[in-house]
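Chain order of the listed sequences is A and B. So for the first sequence, the working numbering puts the first residue at 12; every next one is plus one. So for the second sequence, the working numbering puts the first residue at 751; every next one is plus one.
Since the hints were made in silico from the structure, they are not lab data. Honestly, I wouldn't trust all of these hints.
Stated by the list, open to error - Derived coverage of chain B by chain A (criterion: at least 3 residues anywhere in the stretch with Cβ under 8 Å from a Cβ of chain A; other residues may be distant):
(1) 913-923
(2) 946-960
(3) 1025-1038
(4) 1056-1070
As the list claims (entries may be wrong) - Under 7 Å between C-beta atoms, here's a sample of chain B residues computed to sit facing chain A:
(5) 993
(6) 999
(7) 1000
(8) 1020
(9) 1021
(10) 1022
(11) 1043
(12) 1132
As the list claims (entries may be wrong) - Sample of chain A residues lacking proximity to chain B, with all beta carbon distances greater than 10 Å (derived):
(13) 79
(14) 105
(15) 186
(16) 189
Since the structure is predicted, the reported quantities are computational estimates derived from the model, not experimental observations. Every residue gets a Cβ at the ideal spot worked out from N, C-alpha and C, and that includes glycine.
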Amino acid sequence: MNKIISKEFFSENVFKMVIHAPDIAQSRKPGNFVIIKMGKKGERIPLTIAGANTDEGTIDLVVQIVGVTSHKLSKLNVGDTITDIAGPLGEATHIEKVGTVLAAGGGVGTAPLLPIVEAFKKAGNRVITVLAARNKDLLILEDQIRENSDEVIIMTDDGSYGTKGLVTHGMEEVIKREKIDLSIIIGPAIMMKFAALTTKKYNIKTLASLNTIMVDGTGMCGACRITVGGKTKFVCVDGPEFDAHQVDFDEMMMRLSAYKEDEAVAYENHIASLT
Amino acid sequence: MDIKKIDIKQYYKDQRRTEWRTDIRKTMKTKERVAMTRTKMLEQDPEIRNKNGLEVNLGLTEQLAMQEARRCIDCPDPTCISGCPVNIYIPKFIKKIEIGDFLGAAKIIKETNSLPAVCGRVCPQEKQCEAQCFYSIKLNQPPVAIGFLERFAADYEQNSGQMATPEVAESNGIKVAAIGSGPASLAWATDMARMGYDVTVFEALHEIGGVLKYGIPDFRLPNSVVDVEINNVKAMGVKFVTNFIVGKTASIEVLRERGFEAFFVASGAGLPRFMNIPGENFNGIFSSNEFLTRVNLMGAAKDDYDTPVSLGKNIAVIGGGNTAMDSVRISKRLGADRAMIIYRRTREEMPARLEEVEHALDEGIEFMNLNSPVEYIADANGRVKEMVLQKMELGEPDDSGRRRPIPIEGSEYKVPVDVVIVAVGVSPNPLIPKSVKGLETTKWGTIVVNDDFQSSIEDIFAGGDIVRGGATVILAMGDGRDAATGMDKYIQNKIKK
Ligand SMILES: Cc1cc2nc3c(=O)[nH]c(=O)nc-3n(C[C@H](O)[C@H](O)[C@H](O)COP(=O)(O)OP(=O)(O)OC[C@H]3O[C@@H](n4cnc5c(N)ncnc54)[C@H](O)[C@@H]3O)c2cc1C
Ligand code: FES
Chain A
12 MNKIISKEFF
22 SENVFKMVIH
32 APDIAQSRKP
42 GNFVIIKMGK
52 KGERIPLTIA
62 GANTDEGTID
72 LVVQIVGVTS
82 HKLSKLNVGD
92 TITDIAGPLG
102 EATHIEKVGT
112 VLAAGGGVGT
122 APLLPIVEAF
132 KKAGNRVITV
142 LAARNKDLLI
152 LEDQIRENSD
162 EVIIMTDDGS
172 YGTKGLVTHG
182 MEEVIKREKI
192 DLSIIIGPAI
202 MMKFAALTTK
212 KYNIKTLASL
222 NTIMVDGTGM
232 CGACRITVGG
242 KTKFVCVDGP
252 EFDAHQVDFD
262 EMMMRLSAYK
272 EDEAVAYENH
282 IASLT
Chain B
751 MDIKKIDIKQ
761 YYKDQRRTEW
771 RTDIRKTMKT
781 KERVAMTRTK
791 MLEQDPEIRN
801 KNGLEVNLGL
811 TEQLAMQEAR
821 RCIDCPDPTC
831 ISGCPVNIYI
841 PKFIKKIEIG
851 DFLGAAKIIK
861 ETNSLPAVCG
871 RVCPQEKQCE
881 AQCFYSIKLN
891 QPPVAIGFLE
901 RFAADYEQNS
911 GQMATPEVAE
921 SNGIKVAAIG
931 SGPASLAWAT
941 DMARMGYDVT
951 VFEALHEIGG
961 VLKYGIPDFR
971 LPNSVVDVEI
981 NNVKAMGVKF
991 VTNFIVGKTA
1001 SIEVLRERGF
1011 EAFFVASGAG
1021 LPRFMNIPGE
1031 NFNGIFSSNE
1041 FLTRVNLMGA
1051 AKDDYDTPVS
1061 LGKNIAVIGG
1071 GNTAMDSVRI
1081 SKRLGADRAM
1091 IIYRRTREEM
1101 PARLEEVEHA
1111 LDEGIEFMNL
1121 NSPVEYIADA
1131 NGRVKEMVLQ
1141 KMELGEPDDS
1151 GRRRPIPIEG
1161 SEYKVPVDVV
1171 IVAVGVSPNP
1181 LIPKSVKGLE
1191 TTKWGTIVVN
1201 DDFQSSIEDI
1211 FAGGDIVRGG
1221 ATVILAMGDG
1231 RDAATGMDKY
1241 IQNKIKK
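Go ahead and model the full structure; you've got the sequences and the hints to work with.
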């Protein structure tokens, strides 16, 4: 049982929760995630740890409402408890001083990107971050990213904020301008696919943090499997970060859609049951 | 070791001479005993049970149990005991059943086996005690149904409301921990608590029980039966911490700082293997672990649970072990028209329990033996629709002593499928070996231990599937008990120094 310490909405569908989980707060590193489950009948879902406070023994989760579980979570309030949280899971990001790092976050992917940007900045790198969202309202954590980046470029699909265009435009602008030693991309699969194609064109080493379907999160089931460089890998234990140029994003997108219909029906039923 | 053997033989002899045993032997002539036929387990009708999730075996009635107990001739040299990995005193408990002292029988079993209701249901008795029974080795007749009787005594005790919690010694205040909560851990925890240790069990998942909960389905081993056993362990003062992944949530190092004197690693062989053939990552193709976890642990087949699972009309399960049998029988129960076992050898070589194979056949499972998948084909959305099978023939025996399957070139053919479940084995969980520096492992990733089940690091012991690779419940429990003895020896020696 883990108590919710605070809750804050960033936009209509994205919120941040601070949760009491002292062991996880102590052990977590940038790149790690947790698995949460609510109630006896709930499902297990992975959520990346966006930050932690070891003095308070808390972790931060930033969640986008996309289905039954994230919706249920959004309805919990400060003081309520979450039945099960397990973690920190996955391999931590390998942080080192490489020179200039180009980070790119799409949508809610900005949340898991934040601790990584923070760590690379602390390690003495020049960090340039491109944040992309459909519109201004969906852009999250801009201030925190700014605090930890040397430069921030904002891209929106509709031009309601920053520059109008896709994340790849922003990235390419930077790449053409200066030498990039490492790129890190986190966001929807389709965004990562094209961001990876962009950096590949310029031969820039690129890491992508993947968010697949998971059950246990400990390597026990293979629900999270994907193909990297022609080999099957388990995202929960071998990842979540992989060489973006080796990842088969098309297969990943196909696998992400495995329960799309079931999920849509379940979500409708869930919403209907509340009204 | 030898001295122990002589002592135990003498003990069996002396026990056999006690008055009540001598008396009961006299009530019937041996000739009459061996003339009786083996009792049949009461079970649900196959055509009904393959549509519900209820337990297949219904257990024996008191009368049937006493009748079966009479078949045991109470041999002077009870060979059955040597077939049991935890050496249950078999003739003694059976004779207790014969005189109607069922609680007494349960007590005898529990002297060496802390989970009798589980073992009575899932042990491969036909390869263990029953294989060494006098009837099997001397008369070439069906053995005494030791497994049925074990289950009977354990169930009787569970239902009597008079479950005896084993006595625990006065607390010695020494903290010890197990990693994982499967049968190896439960057996270890019982013995450590009995000896007065302060025992904590850490489990990565949200439920206690390991494979007993997430793997073996309710129709074979109801979770309620497992819970009674777990509650019994809890009643002895053992603490369970769920959602705690040792090596991730906190390292063994940190736990040492928190005062734990020794550790028992019982983290199992939970990693699924795939075959690495084309198309294996299409949707609709699962590892058996994923399928079983979704259905057994997460309640995916029940409407009011949130976890989904793909179902279909044509389901193929690849493999011939218990995991394959469980997966295919669940698929049938969830509505598959055609539930198939695809196995590259023949029924003879199947590693599954004999009873499960027979039950599967009765329930209408199709066995496609001497076949192996070589490729999967999907529809436009990436959902599997066909598998390509290749026929096999058996060649010379391989390392395992079973005849090696050899592919027949050009024999490939297609079979329509909506769901494929891959149950071709598991590998040891690498989490602990990866997170503990200097822990010696084999090339298969199992932890190396000595006779005391002590690893290359003196305060770390290990047992069960993480030491053996995928094995059995009873072997895991035997390891747990031996590791408890080894750990106690280690701690007591350390205190003396
Ligand atoms: C479907 C299926 C059917 C089977 N049927 C039979 C049968 O009929 N008869 C039989 O005898 N055997 C059967 N077996 C095999 C038997 O279940 C296993 O041999 C036995 O459970 C092994 O016990 P264990 O205690 O070593 O590990 P497990 O039962 O595997 O338990 C290990 C536990 O450790 C936890 N864990 C792992 N790493 C960590 C960590 N770092 N921190 C905390 N916890 C951790 C896991 O989550 C798991 O709960 C079957 C297995 C399966 C999968
Ligand atoms: S989520 Fe089960 S193996 Fe990765």
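### Query
Checked against the structure, which of the hints given earlier come out wrong?
The structure conflicts with hints 1, 13, although it agrees with all the remaining ones.
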